[in-house]
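Participant: Here's the letter readout for the chains.
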Amino acid sequence: MSTLEIKDLHVSIDTEQGNVPILKGVTLTINTGETHAIMGPNGSGKSTLASTIAGHPRYTVDSGSITLDGEDVLSMSVDERARAGLFLAMQYPVEVPGVTMTNFLRTAKTALDGEAPSLRHWTKDVKTAMSALRIDADFAQRNVNEGFSGGEKKRVEILQLELFRPRFAILDETDSGLDVDALKIVSEGVNREHSKGEMGTLLITHYTRILRYIKPDFVHVFVAGRIAEQGGPELADQLEAEGYDRFTAVGA
Amino acid sequence: MADTTQISPDTTSDGERTDLGRSADKARIGAPSGTVDTRAVIDGFTEEGESLPGGDDGVEQLGFKKHSHGNAPVVPEASRGERRRSFDLADFPALTGLEEDWRFTPLRRLRGLHTDALTGTAPAVTVGGAGNVTVETVGRDDARLGSTATPEDRVSAAAWNAFTEATVITIPQETVADGEVMVSVTGTSAAASAQHIMIDARPFSRAVVVLDHSGSATLAQNVEISVGDGADLTVVSVQEWDDDAVHVSSQQAKVGRDARYKHVVVSLGGDLVRLTPSSIFTSTGAEAEMYGLYFADAGQHLEQRLLVDHATPNCKSRVTYKGALQGEDAHTVWVGDVLIRKAAEGTDTYETNRNLLLTDGARSDSVPNLEIETGLIEGAGHASATGRFDDEHLFYLMARGIPEKAARRLVVRGFLTEVIQQIKVPALEERLSESVERELAAGNL
Chain A
1 MSTLEIKDLH VSIDTEQGNV PILKGVTLTI NTGETHAIMG PNGSGKSTLA
51 STIAGHPRYT VDSGSITLDG EDVLSMSVDE RARAGLFLAM QYPVEVPGVT
101 MTNFLRTAKT ALDGEAPSLR HWTKDVKTAM SALRIDADFA QRNVNEGFSG
151 GEKKRVEILQ LELFRPRFAI LDETDSGLDV DALKIVSEGV NREHSKGEMG
201 TLLITHYTRI LRYIKPDFVH VFVAGRIAEQ GGPELADQLE AEGYDRFTAV
251 GA
Chain B
1 MADTTQISPD TTSDGERTDL GRSADKARIG APSGTVDTRA VIDGFTEEGE
51 SLPGGDDGVE QLGFKKHSHG NAPVVPEASR GERRRSFDLA DFPALTGLEE
101 DWRFTPLRRL RGLHTDALTG TAPAVTVGGA GNVTVETVGR DDARLGSTAT
151 PEDRVSAAAW NAFTEATVIT IPQETVADGE VMVSVTGTSA AASAQHIMID
201 ARPFSRAVVV LDHSGSATLA QNVEISVGDG ADLTVVSVQE WDDDAVHVSS
251 QQAKVGRDAR YKHVVVSLGG DLVRLTPSSI FTSTGAEAEM YGLYFADAGQ
301 HLEQRLLVDH ATPNCKSRVT YKGALQGEDA HTVWVGDVLI RKAAEGTDTY
351 ETNRNLLLTD GARSDSVPNL EIETGLIEGA GHASATGRFD DEHLFYLMAR
401 GIPEKAARRL VVRGFLTEVI QQIKVPALEE RLSESVEREL AAGNL
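Protein chains in written order, with this note's numbering: chain A, 1 to 252; chain B, 1 to 445.
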């Protein structure tokens with residue numbers, strides 16, 4: 001079993017107006033097999049947390065720690081974090097010109113595993129995973145995310161999740177912009193991987209609807225850069241009924 | 001010029017300009033003084049069309065006063081189609097560097113190609129490959145020479161006047177060349193020299209001709225290309241010169257009725273390489289594809305200026321040039337002139353230039369020019385995008401476990417492969433892919 005541990009994390013970004021603190025002391029522990037949902041209003045710092053874990057250069061960690069089984073994640077480069085088993089399904093996956101999906105997936109898998117995947121199995125795995133996510137076979141020959149719709153990009157993120165098999169998956173608003181069918185398909189993909197029992201999931205979302213398909217063990221409400229309240233799945237139900245007003249009033 | 005149509009933004013950009021992030025399209029500068037440009041400005045893009053009103057004295061360019069030396073004032077042609085063509089060197093005034101078609105070229109690095117008698121030993125030409133193709137070495141009095149192409153600039157005219165013997169490659173009528181025609185052009189001397197090569201694809205023939213430039217040279221070259229009616233000709237010009245080479249080459253093609261012409265440029269080596277490939281349609285129903293790939297390292301100047309001259313109805317052209325740059329003072333220039341003349345109804349044309357800046361300190365100039373004299377066309381468009389390999393691309397790939405260097409290589413390789421794949425000569429494609437890899441390795445990417 002693995003543990004991803006975030007302790008008293010303070011993160012800021014540099015803007016033209018100066019340094020702006022975003023995360024103001026986040027503490028969170030996720031174990032293999034657990035699903036944690038982080039919910040919160042816009043601007044509460046949810047996505048900052050996701051990007052900081054992945055190591056996006058835009059964010060500066062001012063204090064606190066992130067460790068993976070005791071290893072200091074913050075001292076690792078972005079690619080080292082990925083190879084250590086962290087996966088960020090991005091909110092806005094970028095288009096990468098000139099690189100086909102096939103080439104990208106194989107290159108990434110080789111980098112993550114330290115060896116090239118067996119060609120026969122790999123091709124079959126990719127095909128199976130693509131068809132389960134209802135991704136057209138011809139996407140394999142297209143450039144990474146180039147010309148993909150919003151929903152297609154999100155499905156391709158989950159395709160990578162299933163193929164790369166990370167120890168911890170951070171899903172940054174994977175549900176936003178998806179219609180009901182796509183939401184179901186994407187959720188099924190996450191559940192398939194999660195059910196293997198070797199992955200911890202950090203699900204970041206603005207809405208509760210994805211929680212109908214992906215059942216969280218823990219729900220954290222994020223307000224103004226902090227966790228304002230924690231609970232079980234029932235907290236999500238309560239949020240669905242009441243919205244974030246109660247928290248934003250306090251947060252403001 | 002009243003009948004000149006400026007195409008609208010909707011038909012020009014096709015939304016193709018943003019794939020590499022920030023676009024840095026270069027506006028044309030050097031419009032004559034006294035001309036007030038009242039045309040609409042497309043966001044990030046200045047469409048000049050080159051149909052500049054005449055009548056002014058045109059003595060200033062680039063915001064500088066006209067040089068006091070030199071006889072004629074610098075007057076940009078009113079239309080690209082009116083550029084001077086002549087075999088007589090005297091018709092081209094000495095270059096000052098302010099001329100529209102030389103303004104990006106560092107003349108002092110031409111090593112005398114524009115000023116000196118080109119009496120040096122020209123690179124050796126060896127032709128191998130297809131056995132059913134005729135190869136001749138002929139004197140300059142051979143009547144075929146100059147029948148297809150007429151020099152359009154001073155260096156080309158100087159080369160025309162200086163070469164002593166020419167290589168003529170003829171693909172006979174209705175003949176399919178049995179394999180690629182490999183023309184090795186190997187330089188051994190740094191003295192300024194001239195060379196003339198003619199490729200004559202007779203009607204209904206089919207061939208791939210590769211001009212493979214290597215070694216060290218200071219070369220002014222004319223490659224005269226005739227694509228006969230119904231012929232299918234591919235010409236690939238590879239510049240893998242040594243680091244000190246200077247190469248200025250005019251590669252003019254006349255494309256006949258229902259012919260297919262493909263021209264591919266691959267410029268990797270040399271201190272200064274300046275190619276001016278053109279496709280001139282002489283009849284109807286023909287198609288020209290022009291591809292280019294260039295990879296400039298620190299200090300290299302790689303320039304390409306294209307012309308597609310739609311003078312006849314119902315022809316199609318596609319231009320795709322891609323460049324990568326790395327290192328201090330790496331400089332690339334791409335100018336794509338597409339001219340759709342009054343008679344060229346039914347024309348279908350699109351030109352694209354993409355540049356990828358891999359490091360700071362490099363400079364890429366990209367100038368697409370589209371000049372349209374008839375509205376009765378199928379389509380006409382152009383796109384230019386110059387972007388940096390940006391942090392978000394890098395982050396995405398690294399977040400999937402791919403180390404930084406490998407991520408950069410993955411993108412550059414993918415970016416340039418599109419052009420290499422157009423060559424369709426497997427051995428050459430492989431060799432050039434390896435060359436690109438070496439460039440990447442040399443740039444420590």
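It should be emphasised that the hints constitute simulated quantities derived from the structure, not laboratory data.
It is possible that some hints are incorrect.
Label pairs and their calculated CB-CB ranges [claimed, not checked]:
1. B:329 - A:70: 24 to 34 Å
2. B:434 - A:176: 25 to 35 Å
3. B:117 - A:110: 29 to 39 Å
4. A:102 - B:329: 32 to 42 Å
5. A:138 - B:84: 26 to 36 Å
6. B:203 - A:136: 50 to 60 Å
7. B:434 - A:102: 41 to 51 Å
8. B:378 - A:142: 21 to 31 Å
9. A:212 - B:376: 38 to 48 Å
10. B:343 - A:138: 37 to 47 Å
11. A:71 - B:188: 36 to 46 Å
12. B:418 - A:118: 42 to 52 Å
What the simulated footprint calls covered on chain B by chain A, stretch by stretch (three residues with Cβ under 8 Å from a Cβ of chain A suffice, anywhere in the stretch; the number is not a length) [as the list claims (entries may be wrong)]:
13. 118-128
14. 386-395
15. 399-406
The beta-carbon is built from N, C-alpha and C at its ideal position, and this holds for glycine as well.
Participant: Hints the structure violates: just list their numbers, smallest first.
Facilitator: 1, 2, 3, 5, 6, 7, 9, 11, 12, 13
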